[in-house]
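The whole structure should be built from the sequences, with the hints applied where relevant.
Counting in our numbering, the final residue of the sequence shown is number 495, and the numbers go up one at a time with none missing.
If you are wondering where the hints come from, they were derived from the structure by calculation, not from laboratory data.
Virtual Cβ for every residue (Gly too), placed ideally from N, Cα, C.
There could be a bad hint or two in this list.
[Stated by the list, open to error] Pairs of lysine-lysine, DSSO-like flavour, derived with a Cα cap of 27 Å:
1. K83 x K164
2. K282 x K306
3. K282 x K83
4. K388 x K443
[To be verified] Derived DEER-like restraints, expressed as beta-carbon distance ranges:
5. N277 x G196: 46 to 56 Å
6. K120 x Q223: 47 to 57 Å
7. I225 x D139: 26 to 36 Å
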Amino acid sequence: MTSNNKILELQNIVKHFGGAKALDGVSFDLYSGEVHTICGENGAGKSTLIKVLSGAHTPDSGKIFIDGNLVNDLTPNEMLKAGIATIYQENTLFLHLSVYENIFVGRELTSKYGRLDKSAMIAEAKNIITSLGADIDVMDTVSTLGGAKMKIVEIARAVGRKARVLVMDEPSSSFGNHEVDLLFDVMHRLRKSGAGIIFISHHLDEVYAISDRVTVIRDGQNISSNAVGEISNKQLIQDMVGRNVEQVYHHTPCVKDHVVLELKNASGYGFNEANLYLKKGEIVGIAGLVGAGRSELINSIFGKYPLASGQLSLYGKSVSINTPETGMKNGLCLITEDRKIDGLFLGQSCNDNIYVPLLTKQKNLLVKSQVQKNLSNHYVDQLSIKISSIEQPVSGLSGGNQQKIILAKWMATNPSIFLFDEPTRGIDVGAKEDVYLELQKLIESDKSILIVSSEITELMGLCDRVYVMKAGTIVNELVDEEITEHNILESAL
3 MTSNNKILEL
13 QNIVKHFGGA
23 KALDGVSFDL
33 YSGEVHTICG
43 ENGAGKSTLI
53 KVLSGAHTPD
63 SGKIFIDGNL
73 VNDLTPNEML
83 KAGIATIYQE
93 NTLFLHLSVY
103 ENIFVGRELT
113 SKYGRLDKSA
123 MIAEAKNIIT
133 SLGADIDVMD
143 TVSTLGGAKM
153 KIVEIARAVG
163 RKARVLVMDE
173 PSSSFGNHEV
183 DLLFDVMHRL
193 RKSGAGIIFI
203 SHHLDEVYAI
213 SDRVTVIRDG
223 QNISSNAVGE
233 ISNKQLIQDM
243 VGRNVEQVYH
253 HTPCVKDHVV
263 LELKNASGYG
273 FNEANLYLKK
283 GEIVGIAGLV
293 GAGRSELINS
303 IFGKYPLASG
313 QLSLYGKSVS
323 INTPETGMKN
333 GLCLITEDRK
343 IDGLFLGQSC
353 NDNIYVPLLT
363 KQKNLLVKSQ
373 VQKNLSNHYV
383 DQLSIKISSI
393 EQPVSGLSGG
403 NQQKIILAKW
413 MATNPSIFLF
423 DEPTRGIDVG
433 AKEDVYLELQ
443 KLIESDKSIL
453 IVSSEITELM
463 GLCDRVYVMK
473 AGTIVNELVD
483 EEITEHNILE
493 SAL
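Set out below in structure tokens:
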């Protein structure tokens, strides 16, 4: 599918921020009809490279060629005119507008009288969506679409602007398997049309499924570049992290007989008639597609959404948990799906973020600063959090280290039950292994874990049991050898 037509080339790109070198001579190229994936840990330089390609950052040195021609004006407008469009991980659509309006935002068609030509825009939007093979009504309001279809609308907007190079930054980070399949179908069509795609993903199964080539950068430098069929999973991970890391989950069962949490016929926001239990030392997963009610269920257990009916029991006693504060008092903690919105105070230091939950337990809010610092340093060391100091703003950390800060703040409260919602979303393989090791340590100390994850291999590797949800209902319970990709997907779809 890849042609011999090189449409993009970067030569020896260097970019500094203050005294730090974010990109140190990175070179990269892309051919028509190719998916060329960039892999690397958080902080490796991927985001900076993307911003150089989009025109958001101007390199300090190096050259960029499009169709063999040197690009001198590296501004966002010029990069768009040159046919480079970036699809970011975060949604950039106007949710209150229709699909066709989003496709044409900033380049609206007008009639010869200067009025908006709505019919022409609708017709062209339909043609673009059809060319992508997507089942999307261009008259629908974007807010009514699922995550994968929203991402396809963003791609359609780029296609409408005649983009020949699409840079896709973690486009599927919040998708289940079905949504990923929808996105990949569109990417295959783009390849056939001659577009080149630069793909960024932490999901190595996706890298192998969709890529032609994969380039690894680490510490702002090129490490390796290979045809995807010529590099093993093990070698790819080793190139990314700079050490020999096995992609294993380190799970040794520690389940005790004592039930610590139980839901009976529980209904609430986004789910109905849920029945589940969790034992001491057990890791239980909740699988399902995006929108199945998994996050709503786990948030309700913590008290963010009160139960409408049914019973929640802790250690055999019925409890009413209607607020997160009540959840904390009952020994629960929740590591949320969106760490930047719900999990962290981005403008505050690592030290302050770790100590925040403990403020609710203090009668005297005058915190002894040395006690706080000692606690923060303890968990920074225990979780191998990479920071310059505990006073560093958490906003400047990589995704993996931000996730570890959230884990540290909850571990400091000494909960007995950990609720995880997508615990490794958007973090690199090295940080994932660190999280998996910490989960094993938690259950070895008789903690219990309920985990929502869209990564089936993660559920298979970590969990003693898995509940599968579909349309707000728990439809299956899988145990031990029953926890397979086939069984999970068969129940979820």
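How the hints compare with the structure:
no., hint, in the structure
1, K83 x K164, "9 Å, holds"
2, K282 x K306, "23 Å, holds"
3, K282 x K83, "59 Å, violated"
4, K388 x K443, "20 Å, holds"
5, N277 x G196: 46 to 56 Å, "52 Å, holds"
6, K120 x Q223: 47 to 57 Å, "50 Å, holds"
7, I225 x D139: 26 to 36 Å, "44 Å, violated"
The structure shown violates the earlier hints numbered 3 and 7.
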